[in-house]
Amino acid sequence: VAQVDDFTDVLEAAQQGDGWAVAILWRAYQPQLLRYLRGMCGDAHEDVASDVWIESAARLPRFRGDEPAFRAWLFTRARRRAIDHHRRSARTAIAVAEVPDVADPTAGGEWEQEQALRSALDRLLTLSQDQREVVLLRVVAGLEVDQVAGVMGKQPGTVRVLHHRALKALAAGFPAADVTPDASQPFSEHADDLAA
Amino acid sequence: MQMISPHSHSSDSGWQDSGLDASELAATAALLAALAQPRLACELVGEDDAVAAMTARIRPRRRLRLAIPAFRIPAPSFPLGGAARLAAVAGCLFVATTAAAFAGVLPAAAQDAARNALAQVGVTVPAGHTVQAPDEPTATTGQINGPTISSIAKDPSTSGRDKGAAVSSQASGGHSKAGADHSTTGKGSSDQAKGDGSSTAGTHRQDPPTPPAPGAGTSQGQSGDHAQTGGGSTTGSAHTHG
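Protein chains in written order, with our numbering: chain A, 139 to 334; chain B, 374 to 615.
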């Protein structure tokens, strides 16, 4: 999860309309926002993300809180925009398979990372809507259980159950040979959810 | 912090209790790692436009200064300014009342009160007056003229038309035209041309009946036959004016 150094100063400057501060916030949260919306809105994720940022910018001067609160605030708006998008399009929410391949295969490592991300988002399609959203908010947005519950309007216990079942469903869906171990990423909290 | 990895998860009791084998857990960990991987360059495309659009939408919040003093209930106080205002108001009222008293437009009672008050400071203003009906005779005038009119009525040196004219003239304060030559007006002129004094009464009958002056009434009662001309003197309308 991206972190912003001196978040308070950056936020205060952004609330005054300083471009450099707005750019820091955008660079820090845009990737998470895109991935979340990619899992929620499919190929419309970039347009929806733009709407989220524009709306958030208009309301930014009135925001009060720390960095976790800002993240929850931002993803709450993203979720509302995603719901609005679904209402407008009246189509199935998830269309990850339609995501254009924006990564350049010649870019080497980043292309592989992009493919891994696409594969992961495709895997999330096997989950229910709530399970997928919980995973996106917990893993991609990096929100705590209470924050996810606040964003989704559910009880924290419900969020924990959804998260546990989602991870279990994802793990059960992998064939035994499909193991690409990566020891560099910490996911102990999700392991706890899975073991709960 | 615990790490999900093929090397560590086997020692985690929770993972062991989850009923999943190592490969499934490792695949899940890899999936989660892919979702949470650091930002990609392709995800930051269009940064300049996005930041410019956002900056244009940000309107710094102005610190609103609520007009709290406007909601305060002013405490009752009488500073010097308040006393000065009271004095100014009192002065304005005095000047206005004095001006109205000079103009004589105050009600009679107020005019009299103002007259008395201003008289003490050497200012003279008109006294209050009452409006009186123009045709209403005053008792005061009658009381003054009564003896005089009576004496005229009793005077034996005059009689007839001349006595009536004298009584009427006295009773009316000189306004009566009894006995005057009416030859130039209407019907009376023809009567007057006859030289008949009795016809003069016909001329005077054209006037509306008016109550006789007290003095005239007295003269009639005391003059006997001579008072007949006084009766015709109603044209004198023995009333006084204001």
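Keep in mind that the hints are not guaranteed to be accurate.
What the hints assert, rightly or not - Taking lysine to any residue and the SDA-like style, the derived pairs with C-alpha atoms no more than 20 Å apart in a straight line are:
no.: 1; chain 1: A; residue 1: K292; chain 2: A; residue 2: A310
no.: 2; chain 1: A; residue 1: K306; chain 2: B; residue 2: A395
no.: 3; chain 1: B; residue 1: K527; chain 2: B; residue 2: T497
no.: 4; chain 1: A; residue 1: K306; chain 2: A; residue 2: G288
no.: 5; chain 1: A; residue 1: K306; chain 2: B; residue 2: S532
no.: 6; chain 1: A; residue 1: K306; chain 2: A; residue 2: E250
no.: 7; chain 1: B; residue 1: K550; chain 2: B; residue 2: S532
no.: 8; chain 1: A; residue 1: K306; chain 2: B; residue 2: D394
no.: 9; chain 1: A; residue 1: K306; chain 2: A; residue 2: S266
Stated by the list, open to error - Label-pair distances were calculated between CB atoms; the ranges are:
no.: 10; chain 1: B; residue 1: R458; chain 2: A; residue 2: Q154; range: 43 to 51 Å
no.: 11; chain 1: A; residue 1: R197; chain 2: B; residue 2: A461; range: 40 to 48 Å
no.: 12; chain 1: A; residue 1: G280; chain 2: B; residue 2: A395; range: 25 to 33 Å
no.: 13; chain 1: A; residue 1: Q253; chain 2: B; residue 2: A395; range: 22 to 30 Å
no.: 14; chain 1: A; residue 1: T264; chain 2: B; residue 2: A395; range: 15 to 23 Å
No lab work stands behind these hints, which were simulated from the structure alone.
Computed from a prediction, not measured in an experiment: that's the story for all the values here.
Quick reminder that beta carbons are idealized off the backbone N, C-alpha and C, glycines included.
**Prompt:** Which of the numbered hints are not met once you compare them with the structure shown?
**Reply:** Failing hints, ascending: 1, 3, 4, 5, 6, 11.
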